[in-house]
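Engineer: Note that the protein sequences, when read in sequence, are chains A and B. The first sequence begins at 1 in this note's numbering and counts up by one. The second sequence begins at 1 in this note's numbering and counts up by one.
Treat the hints with care, since some could be wrong.
Counterexamples of contact, computed for chain B against chain A with all Cβ distances above 12 Å [said to hold, decoys possible]: (1) Glu7; (2) Glu17; (3) Trp20; (4) Ala30; (5) Val35; (6) Asp43; (7) Thr80; (8) Leu105; (9) Arg120; (10) Glu138; (11) Phe139; (12) Arg141.
Label-pair ranges, simulated between beta-carbon atoms [to be verified]: (13) Trp20(B) to Leu60(A): 53 to 61 Å; (14) Ala40(A) to His136(B): 39 to 47 Å; (15) Gln19(A) to Thr31(B): 16 to 24 Å; (16) Gly156(B) to Ala40(A): 24 to 32 Å; (17) Leu52(A) to Pro168(B): 29 to 37 Å.
Far from chain B, by Cβ distances over 10 Å, these chain A residues were calculated [said to hold, decoys possible]: (18) Ser8; (19) Ala10; (20) Ser14; (21) Asp18; (22) Met29; (23) Ala40; (24) Val48; (25) Val65; (26) Gly66.
No lab work stands behind these hints, which were simulated from the structure alone. Ideal placement from N, C-alpha and C gives every residue a C-beta, glycine not left out.
Listed below, chain by chain, are the residues.
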Amino acid sequence: MNSADQSSDAYRPSEIADQIDEAALAEAMRVTPLGAAVLAGTAVALLVLGYLAIYLLVFLPRGTVG
Amino acid sequence: MTDRPPEIHEQRILGTELLWAVGVGVLVAATLSVVVFTALSRDINPPSNVERIDPKTLHLSGEFAEHNLGTTVGPDGRVTARMIATQFMFVPRCIAVPSGRAVTLRFASPDVIHGLLITRTNVNTMVVPGFVAQVHTEFTRDEDLLMPCHEYCGLGHSEMWATVQVMPDDRFKPGPDGRVSCAQR
Numbered sequence: 001m002n003s004a005d006q007s008s009d010a011y012r013p014s015e016i017a018d019q020i021d022e023a024a025l026a027e028a029m030r031v032t033p034l035g036a037a038v039l040a041g042t043a044v045a046l047l048v049l050g051y052l053a054i055y056l057l058v059f060l061p062r063g064t065v066g
Numbered sequence: 001m002t003d004r005p006p007e008i009h010e011q012r013i014l015g016t017e018l019l020w021a022v023g024v025g026v027l028v029a030a031t032l033s034v035v036v037f038t039a040l041s042r043d044i045n046p047p048s049n050v051e052r053i054d055p056k057t058l059h060l061s062g063e064f065a066e067h068n069l070g071t072t073v074g075p076d077g078r079v080t081a082r083m084i085a086t087q088f089m090f091v092p093r094c095i096a097v098p099s100g101r102a103v104t105l106r107f108a109s110p111d112v113i114h115g116l117l118i119t120r121t122n123v124n125t126m127v128v129p130g131f132v133a134q135v136h137t138e139f140t141r142d143e144d145l146l147m148p149c150h151e152y153c154g155l156g157h158s159e160m161w162a163t164v165q166v167m168p169d170d171r172f173k174p175g176p177d178g179r180v181s182c183a184q185r
C-alpha cells in the first residue's frame, strides 16, 4: 500500500468489516447528502411559507401599532 | 479501495454544508429585513415607552385619577384613552375609540403586573406597576373588540377583561369636556 492509502484507517485491511461493492458505496455517498438537503430544504420551505402566510394574512391586516 | 480518495467525498460533504449555511444565512437576513421593512414602511413596531408613575397614588390625582379615565379628545384633536389595570378589572370596563384615526392608549397598574391585548389588532402590551404603558394604533373596523388581561394577576385573572367599542366618526362625538363614553347597548 502506498502512503496515500496509509492516511486513512479505512484502508487498513483489519478495519474493513465486510466486502463492499465500491460502486454501490460511491453511489450512496453521492445520493445521501442530496436526499438530506431535499428533506431539510422541504421542511424549511414549509416553515417559510407558514411564516409568510401568517405575516401577510394575519399580522399586516391587524394594522399599525407602536 | 475506491477510485476516488476519501478526501473527495469529504469535499462534497463540506460543499453541501457550506451551501446549507449560506442558505440559512440568507433566510435569517431575509427575516430580519422583513422586520425592519415592516417597522419603517408600515409603522408597526413593538411599543416602547419608559415613563414612571407612582402606583400607590396614581388613582388619587393626576392623569389616572378616576374622573380622567376613559377616552378624551384633546384640543388638537388627538384621541387618548386611559385605563387602569387592577385586580381584577379594567377601569373603565369599556372605552370608545374612533375608527380610521390615530389613537393613543395609556395604561397604569396600582398593584401587580397585568398584560392586555385587543383582539383583531396588534395591540399587545404589559402593564407594570410603576410605569405607564403606551400604545399607538389605528382601528380600522367598526366593531366591538375584546380586551382581556393576558398576564396572570391572581385568582380573578380569567374574569378580567374590557370592551373596546370602535365607532365611525358620525357616532364618535365628544362631549363638551372632550370625553367620549361607550354606547349603551
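Engineer: Could you run down the list of hints and mark each one as holding or not?
Structural biologist: Results of checking the hints against the structure:
1. Glu7: Label violated. Min Cβ-Cβ 9 Å, cutoff 12 Å.
2. Glu17: violated, 9 Å
3. Trp20: Trp20(B) is in fact no farther than 12 Å from some Cβ atom of chain A, at 7 Å.
4. Ala30: Ala30(B) not clear of chain A: closest Cβ-Cβ about 8 Å, inside 12 Å.
5. Val35: Val35(B) is in fact no farther than 12 Å from some Cβ atom of chain A, at 10 Å.
6. Asp43: violated, 5 Å
7. Thr80: holds, 15 Å
8. Leu105: violated, 10 Å
9. Arg120: violated, 6 Å
10. Glu138: Nearest chain A Cβ is 5 Å from Glu138(B), so the label is violated.
11. Phe139: violated, 7 Å
12. Arg141: Label violated. Min Cβ-Cβ 9 Å, cutoff 12 Å.
13. Trp20(B) to Leu60(A): 53 to 61 Å: Since Trp20(B) and Leu60(A) have Cβ atoms about 30 Å apart, the given range 53 to 61 Å is violated.
14. Ala40(A) to His136(B): 39 to 47 Å: holds, 41 Å
15. Gln19(A) to Thr31(B): 16 to 24 Å: violated, 49 Å
16. Gly156(B) to Ala40(A): 24 to 32 Å: violated, 47 Å
17. Leu52(A) to Pro168(B): 29 to 37 Å: Cβ of Leu52(A) to Cβ of Pro168(B): about 33 Å, so the range 29 to 37 Å holds.
18. Ser8: violated, 6 Å
19. Ala10: violated, 6 Å
20. Ser14: holds, 14 Å
21. Asp18: holds, 13 Å
22. Met29: Met29(A) not clear of chain B: closest Cβ-Cβ about 5 Å, inside 10 Å.
23. Ala40: violated, 7 Å
24. Val48: The assertion about Val48(A) is violated, with a minimum of 7 Å to chain B.
25. Val65: Non-interface label on Val65(A) violated, nearest chain B Cβ at 4 Å vs cutoff 10 Å.
26. Gly66: violated, 5 Å
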